[in-house]
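Same order as they appear, the protein sequences are chains P and V.
Under our numbering, think of the first position of the first sequence as 24, with each following residue one higher.
Under our numbering, think of the first position of the second sequence as 2, with each following residue one higher.
One thing to keep in mind: the hints can contain errors.
Said to hold, decoys possible - Covered, in the sense of this in silico footprint (three residues per stretch, anywhere, with C-beta under 8 angstroms from a C-beta of chain V), are these stretches of chain P: (1) 168-181; (2) 184-191; (3) 195-208; (4) 223-237.
Unchecked claim - Here are a few chain P residues that sit away from chain V, every Cβ distance over 10 angstroms (derived from the structure): (5) Ile58; (6) Ala73; (7) Leu107; (8) Phe138.
To be verified - In the DSS-like style, the derived pairs of lysine-lysine whose C-alpha atoms are separated by at most 25 angstroms in a straight line are: (9) Lys26/P - Lys42/P; (10) Lys180/P - Lys74/V; (11) Lys98/P - Lys33/P; (12) Lys98/P - Lys180/P; (13) Lys144/V - Lys74/V; (14) Lys26/P - Lys98/P; (15) Lys98/P - Lys144/V; (16) Lys180/P - Lys144/V; (17) Lys98/P - Lys42/P.
Bear in mind the hints are in silico, worked out from the structure with no lab data behind them.
Beta carbons: idealized from backbone N, C-alpha and C, even for Gly.
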Amino acid sequence: MKKIWAIFRKDMLIEFRTKDSLNSMLFFGVVVLVIFNFALGSLHDSLRSAAPGILWVAFAFSGTLGLNRVFAAEKENSCLQGLLMVPVDRGVIYLGKMLAATVFMLIAELVIFIFSLVFFNLTVWPEIPYLILVFAVGTLGFSAVGTLLSAVTVNTKMREVLLPLILFPVILPVLINAAEATNIILNSADYGQLKLPLTIMSVFTLVFGTISYLLFEYVLED
Amino acid sequence: MSTRLQSRLDTALEIALFLSMAFALYMALIGAPRERTMGDLQRIFYFHVPSAINGLTAFAVNFAASLMYLIRKNRWWDNLALSAAEVGVLFLGIVLVTGPIWAKPVWFIWWTWSPRLTSSLILCLLYMAYLLIRNYIEDPERKALVSSVFGIIAFVDAPLVWFSIRWWRDIHPSPMLETGGLSPSMRPAFWVCVAAFQILLIYLLRRRFYLESMRTEVERLERQSDVLR
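So here's chain V without its partners, still in its complex pose (with noise of 0.2 angstroms):
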């Protein structure tokens, strides 16, 4: 894509961002009905639960553009799969923060070791993991392989940690993980969230790996200067 076209892209992204943003507070604060037991506490669920799919969104990016990396030895792939773990942290950031703000008030504890929570900080810290290794290798060939290479193992392990975590504590089920269906009066709003959710997501994938684009193209001007030199 020429880069007048990339532009005029981003330009779009971002007003669709801002006016969806804008429909989604609206709607999660004010347009969805206020749930019955726990009052307005529930509208965190609105963000809550979209970052989560965004995290898990990012990380299957990872995954793909790990893969290509490694069949492909492109460093645009490994620039992607970059900037989606750091994406995917941030959303699963939130996730984790907004989780135990609900949780304090409706199950009186900030955490408990209940599958869904464990997991998701386990898949926080893999990921988290991925970002540190990549501090600690400078050749940038090398970097690119070896987080690659992680980045593979990462997301085939976050299904085995699932299944090892729900199969035993299911024994002591944590209270009111699963509250069955959303109400219908309810989903409108939740899927305006999601989808104004998933254009962050894009949006701040394009940002994150146009930065990083322009550092490899940086790194490869300053290795040719000093050859010329």
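Isolated chain P, as found in the complex (with noise of 0.2 angstroms):
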């Protein structure tokens, strides 16, 4: 528990010392938010149902951001060899890195959900509790299969291109629930239909999580 929170620490310090990846990641989320709203000029009224997905979108995107990072700022200086020297477990460098992009993220989304709060014109203090829940969930999904990807692609040519065309295609579980719970919570108040979603999520965490701890092993290499 102490190894991963060193590993945690050590990330979340070298982000906020040179915060490399996320002010591109709050910069491209902000950024899709405004190319959403052109293309979506002319349903205005509509704005509010198209918001969850326009947002899991916007998330998306700027977690691929993220996660690109994860491993390739390892890179530089061969820090990747030093942190595979370290005498703990493979599992525990991939729990480390997976909480620190979850974090990452939900600052992203946070800021990005502050944006589209004010250019689609939402109110939603009474829903906030719900949507930090649907939030944080769907983003340990999307982190626990984003984390061992991005291990997976760090030693690949055009790793940036191959990363989202890898991701996508698996995370889709989770982006469907996610985008389908923020709807729920946002159009229809009925938070009794939120469990479905939410267990889905949550299952897909699990098993994913466990997936990539005992995988990573094989995973990493310098």
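Since each chain comes alone in its own frame, lean on the hints to assemble the complex.
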């Protein structure tokens, strides 16, 4: 537990000193929102019903930018080799990295969400606890697979292109359920229906978290 | 198995394939009765469903081979996994082409985002991603490793895709997706087609695997000659 925390803290520290990926994630997410606003310009009345989908597209795109950096950043000054030499289980590295990626994404999501409130004129005060829950569970699922695939692609040519190509088909169950859950919160207010998408997302996170934890040992090479 | 036995097996498979395919064509196009409402259109079903079964079988083979590769670290398994993924994408491609051809006159649309259609499409995308990722990795060992990890992920992902789509979109049932049981008079043709397609699957898998083993061998020899030089 302490080891996971150490890796997590290291990543957070690096990120908050350099702000490499967070800046680009935030900016890209907001740009996606603006583009969707123009793309759906004619549907201004129904923007609230389109908002969940747009939000999750923005989250997924900016999240992919962040995931690309998770291991690529370690390649500079052969930090990856150093990380591999640390006498801990590879699964521990995975969990630390996964948590860090989740927190980055959540920070980016928070800012993108605030922007979307302004752009789409949403009022959501009573729904905020539910939204936080859905964002957290969805993001955890996203980074559970994303961290593994980021490690997989780190040594390939054109990894920035490859990661989204292999990540998005795998991540679809999370995106579908997260968008659906957000839709329920924003547009139907029948919170009983939230159970199903939340369950599927949790199962997804658990299954892929376990698989990634087990397979990580094979995946990581310098 | 010796080479001699292998080539005999291939010949036997070729003959079986030729005969069973001819029989399957006869059964599907002439032997089976005409469907009452859809007419001859329904006959595409005899190729559509066996292809789907083959695609899923191939992906299961890919999963098993990927798992075995991680355990054994033997290129044999990776070659099998690659062959299975390619053949699986081919059969799923047939499914995704024959489906809309049938759907247009029957449903009056090419495509609808119903659970079955969507999950077949995503399954196809997953394994296309599997084939894609292989092109970007140079080192053969690393390539085998990465793709076996992805093969496992893809196969585990498939049921999750199915459940997340099915529970949501079922509120709007798509027309005539499930017509109930197959009429007894159509069953022989259907099973003959399934059998013929299974033989085709095994045959294609074997050929593709053979090709890949030769590639591995050539690679090995090239490396050897580099060392000698």
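Against the structure, the hints come out as follows:
1. 168-181: Result for this restraint: holds, n = 9.
2. 184-191: holds (count 3)
3. 195-208: holds (count 5)
4. 223-237: holds (count 6)
5. Ile58: Nearest chain V Cβ is 23 angstroms from Ile58/P, so the label holds.
6. Ala73: The claim stands: Ala73/P keeps its Cβ more than 10 angstroms from every Cβ of chain V (closest is about 16 angstroms).
7. Leu107: Since the minimum Cβ distance to chain V is about 15 angstroms, Leu107/P lies beyond 10 angstroms and the statement holds.
8. Phe138: holds, 28 angstroms
9. Lys26/P - Lys42/P: holds, 23 angstroms
10. Lys180/P - Lys74/V: holds, 23 angstroms
11. Lys98/P - Lys33/P: Holds, at about 15 angstroms.
12. Lys98/P - Lys180/P: Given pair Lys98/P, Lys180/P holds - Cα atoms ~14 angstroms apart, limit 25 angstroms.
13. Lys144/V - Lys74/V: holds, 12 angstroms
14. Lys26/P - Lys98/P: The given pair, whose Cα atoms are some 21 angstroms apart, holds under the 25 angstroms limit.
15. Lys98/P - Lys144/V: Holds - the C-alpha atoms of Lys144/V and Lys98/P are around 19 angstroms apart, at most 25 angstroms.
16. Lys180/P - Lys144/V: holds, 12 angstroms
17. Lys98/P - Lys42/P: Satisfied, since the Cα-Cα distance of roughly 17 angstroms is no more than 25 angstroms.
Going down the numbered hints, you'll see the structure goes against none, and every one checks out.
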